[in-house]
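Protein chains in written order, with my numbering: chain E, 203 to 410; chain U, 203 to 410; chain R, 203 to 410; chain A, 203 to 410; chain V, 203 to 410; chain F, 203 to 410.
Keep in mind that the hints are not guaranteed to be accurate.
From the structure, some residues in chain V lie toward chain A, with a derived Cβ separation under 10 Å [stated by the list, open to error]:
#1 Ser222
#2 Gln238
#3 Gly305
#4 Pro393
#5 Asp395
Distance windows between CB atoms, simulated [said to hold, decoys possible]:
#6 F:His362 with E:Pro332: 46 to 54 Å
#7 R:Asp329 with U:Glu239: 38 to 46 Å
#8 U:Asp329 with F:Asp395: 58 to 66 Å
Since the hints were made in silico from the structure, they are not lab data. Don't be surprised by glycine CBs; every beta carbon is placed ideally from N, CA and C.
Next come the chains, spelled out residue by residue.
6 protein chains.
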Amino acid sequence: MDKPASTPSTAAAPPISRFSIPDLATLPDDVRARIQEVQDKAGFVPNVFLVLARRPDEFRAFFAYHDALMAKDGGGLSKGEREMIVVATSAANQCHYCVIAHGAILRIYEKRPLLADQVAVNYRKADLTPRQRAMLEFAIKVALRSPEIEDGDFARLREHGFSDEDAWDIAAIAAFFAMSNRLANATAMRPNDEFYLMGRLPKQPAGR
Amino acid sequence: MDKPASTPSTAAAPPISRFSIPDLATLPDDVRARIQEVQDKAGFVPNVFLVLARRPDEFRAFFAYHDALMAKDGGGLSKGEREMIVVATSAANQCHYCVIAHGAILRIYEKRPLLADQVAVNYRKADLTPRQRAMLEFAIKVALRSPEIEDGDFARLREHGFSDEDAWDIAAIAAFFAMSNRLANATAMRPNDEFYLMGRLPKQPAGR
Amino acid sequence: MDKPASTPSTAAAPPISRFSIPDLATLPDDVRARIQEVQDKAGFVPNVFLVLARRPDEFRAFFAYHDALMAKDGGGLSKGEREMIVVATSAANQCHYCVIAHGAILRIYEKRPLLADQVAVNYRKADLTPRQRAMLEFAIKVALRSPEIEDGDFARLREHGFSDEDAWDIAAIAAFFAMSNRLANATAMRPNDEFYLMGRLPKQPAGR
Amino acid sequence: MDKPASTPSTAAAPPISRFSIPDLATLPDDVRARIQEVQDKAGFVPNVFLVLARRPDEFRAFFAYHDALMAKDGGGLSKGEREMIVVATSAANQCHYCVIAHGAILRIYEKRPLLADQVAVNYRKADLTPRQRAMLEFAIKVALRSPEIEDGDFARLREHGFSDEDAWDIAAIAAFFAMSNRLANATAMRPNDEFYLMGRLPKQPAGR
Amino acid sequence: MDKPASTPSTAAAPPISRFSIPDLATLPDDVRARIQEVQDKAGFVPNVFLVLARRPDEFRAFFAYHDALMAKDGGGLSKGEREMIVVATSAANQCHYCVIAHGAILRIYEKRPLLADQVAVNYRKADLTPRQRAMLEFAIKVALRSPEIEDGDFARLREHGFSDEDAWDIAAIAAFFAMSNRLANATAMRPNDEFYLMGRLPKQPAGR
Amino acid sequence: MDKPASTPSTAAAPPISRFSIPDLATLPDDVRARIQEVQDKAGFVPNVFLVLARRPDEFRAFFAYHDALMAKDGGGLSKGEREMIVVATSAANQCHYCVIAHGAILRIYEKRPLLADQVAVNYRKADLTPRQRAMLEFAIKVALRSPEIEDGDFARLREHGFSDEDAWDIAAIAAFFAMSNRLANATAMRPNDEFYLMGRLPKQPAGR
């Protein structure tokens, strides 16, 4: 394998992937623009952008899919609830990048500094509403036992007020991160150091 | 849940999804065009196109991702080998749609009528080369035990002549179908009847 | 291990077992007669007969047991339903020989070309009656979690109209193929090529 | 289910099966003779004979198979070693009848009062030779992970002096008790009280 | 590792631990006194005392904890019932020392020679009251699936008359032996030969 | 169950256990003194002290054992390394209290704010030395697969410079937290809010 890559700016840091990171200058314009956009918004480039940029077509499809599920307006799931699904299922898949990066996003969206760690360790004991608990039970079933999904699972979701569209959202987010977790585990994708502390302080260190 | 949908043309047939199928006339032009294209090429519309059309943005991202991995030219994996990865990992995830539909595609690409069933039941006993066996061992590890992936797994792939790009391809295909299998299991996506027999006869029923 | 054996008539074919196959001429008369009988009836000799002939006493007991369960007349399970049990549990045990050979028999008995593949991938999504679904749930519990069997399992079977004798039949078939699957996996028993296509065509190559 | 049966002679004892036990007078002569024979030899009738007598054809095949594997003379496995396989795999399947009844037989054959309990709890820590340990590792793989059996497993057996015929014996015994354990678990077959103490005392109640 | 130790008095016997056993003369007075006490009471020194004596502080804490749970008077669980918990959970953890030593104690407390073997193989089929069965179901959940414990588990215990204090006792005993089993498995702690026969004979070698 | 308890000082907070917390005034002097001591040192009372105080004898044994393993001076494992074992094994057991509380302690001992989260999600990808990685592999085997421990595991530890005493320490810590995790899961022990942020900031809220 070619020499593992560190983040461009910190040559001595641990590599952010088993695979080398492309020189940003060589990337297609749209890919580089997307990376610049997130840099401007967050104050740093989350490593998933750098790792996946090695494959521009896959990069485009990955983030288009991600945005369709996670960034869309409307729907019955708040953006914080969507991140709960990511954190719970990514913990079940032991994915460093997703638990730590999306844990940060969950803390920020929900403005609850403790929630992400609770969900990551055992969602059954997290400070959640019964509706959120039911949402995560279904998400975990999608993540770990999808061949056993049956009509009863959807009935239980409806008891908690979830529509069919909401059920699709839960399943699709759990499925998308089933893919993301495996990509991150296979590439040894490293979460940026910035994520660990985000959203933990009363007045958090911005860059949000 | 709204009334489950049958394929448009066969009202009495079993539903092809737990979710209703959108009226094709209501779909965005590009989505409808893609569906028409596959209809023209295959002679029927594989159900995955109809089920996912409910969500045009996700539809576009899904097939863009699929094509980037499965339809690209070049790379160290033949198209048949890519389908072996799909069949082996989809069987591990007990996905009706993917095992049966991609089993058909595998038979057609490889022109070997027995191979798909062998790979689906137990890839360890299928008629494969040692290189293909190593490819599937890695793919199954991505599918089922991705937190345990380590450098040694890549070293073993290199012993069989797989480059880093090939390793990425194997991992990315296994990861993409980790998502697809869960979508299909959650939506109860039904494979088209046409797939079961495709590629099994000496001179197969075309539509290829 | 002695040189693995191909089927007698096709020396270049892949071996049908890790163990050598005895010369038919050396077999006891009753064993040879049984093999001749199946050859006459099916038009070929299923490999299980050749592989087990190495041990005539075990051969006799195996087929006597098999016939007592699978070929007996009467009882509450149709012959097709018995084969559903074989295919579902053999798929759970990833047994090449049994999934492919008994998948063929299931297609022929039920005259439904799609059913065997459905049952093999995930019986929960196969086109089955609720009664057949309950039958397979019990069979899979016998196959995979028999220490947890309790009175409630029998009560559920009765709700679907199964008698005590039927329950015994289901359990005994699942148990017998727990043995068969392990024998086939240990000997690397290969299914005959003929099985793959049997029962798939509108007018099946029946009479077999 | 018909009224569960106690042993004929002790009406107040716990039932020996979920299924009723046939009246011995109604059994076919050969079945009754076999039961009489074991009564004469052991001083009691092991419950497996009474439970399976409900189905004479299955009874005959079961004991014919059992005897072909467990009672044959010659072969590379001593009778005690065959019983080690039974106890180890039956413990893995949590089978009351087989662990307790065959534990007794193992103690008697080996004249080692401690061995059966050791093998039942964790064969890896039992007082065994390296050869016996390798035998049980293979047997447990047949019992629990048979789809993963590969040529290397047979090579390891050969390193310990096991021939191909011995490997078949180990696999066949583990497979036969995969069936027996499931039959016993499904029928709730109860071991006779006599088995618990057999072979534990310095001067064992032998001749049994 | 230093030379494994046999019991002091039988140099040719198998070692009782992977770790050497300290010379009793070198032990702190209180540790030696505790060992002498059990020798006087039981007629032999159970190996757990010798193995853990290597670490006097851990020895003291271990037996203080053990006695607080297992030897206390009062509480809703009889001493025999506490031993049932030990045997069932230790069997699930495949712990030689605990299954065999505490099996003996269970036989003696309950004066039922068959019970320990029944509980060790499969507690679901042991001769237990429904209350004892519920107790063991909870204990096994603590042993094997503790992250899934929820309020409903405590409700089920209350239905069988267990108080909150009893529920604590069951959980604490299962948890303590989760530790003990792992210590015994890691040190390869061997049960004394004396345990195997204790409590099995009509007139047991009691007083012990 | 009696009314679940909040921490004495914050009546509206979520309960810290399924079990009620005793009035500190009613506790034995030594138990109350130990609680006062930790309050003085840490600035708050970790909930484990309040939850276990319900049972003074168990409280004493628990903390005596804890201190013997975790607080002792000397030995080949640094205090930070001992906490790595706690965090890795407690994450495998999905224990809220232990992952979050001991994660804090690990950050403080090691003065590395990222390490605890890395170890909790997947120790295989944490920033550890090969020696520490080997230590955690053994600890996880003790936690999850202790019946399979064998001499080879100790040989691997020695290759990394661990003595027999070190191996005992690793095993004993993993075993002790196998108990602690189950106690915390059964009692629904809640980690104090203070733990989540401890050791995460450049200048940690030390003195604690």
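Index of numbered hints that the structure contradicts, given in increasing order
1, 2 and 7
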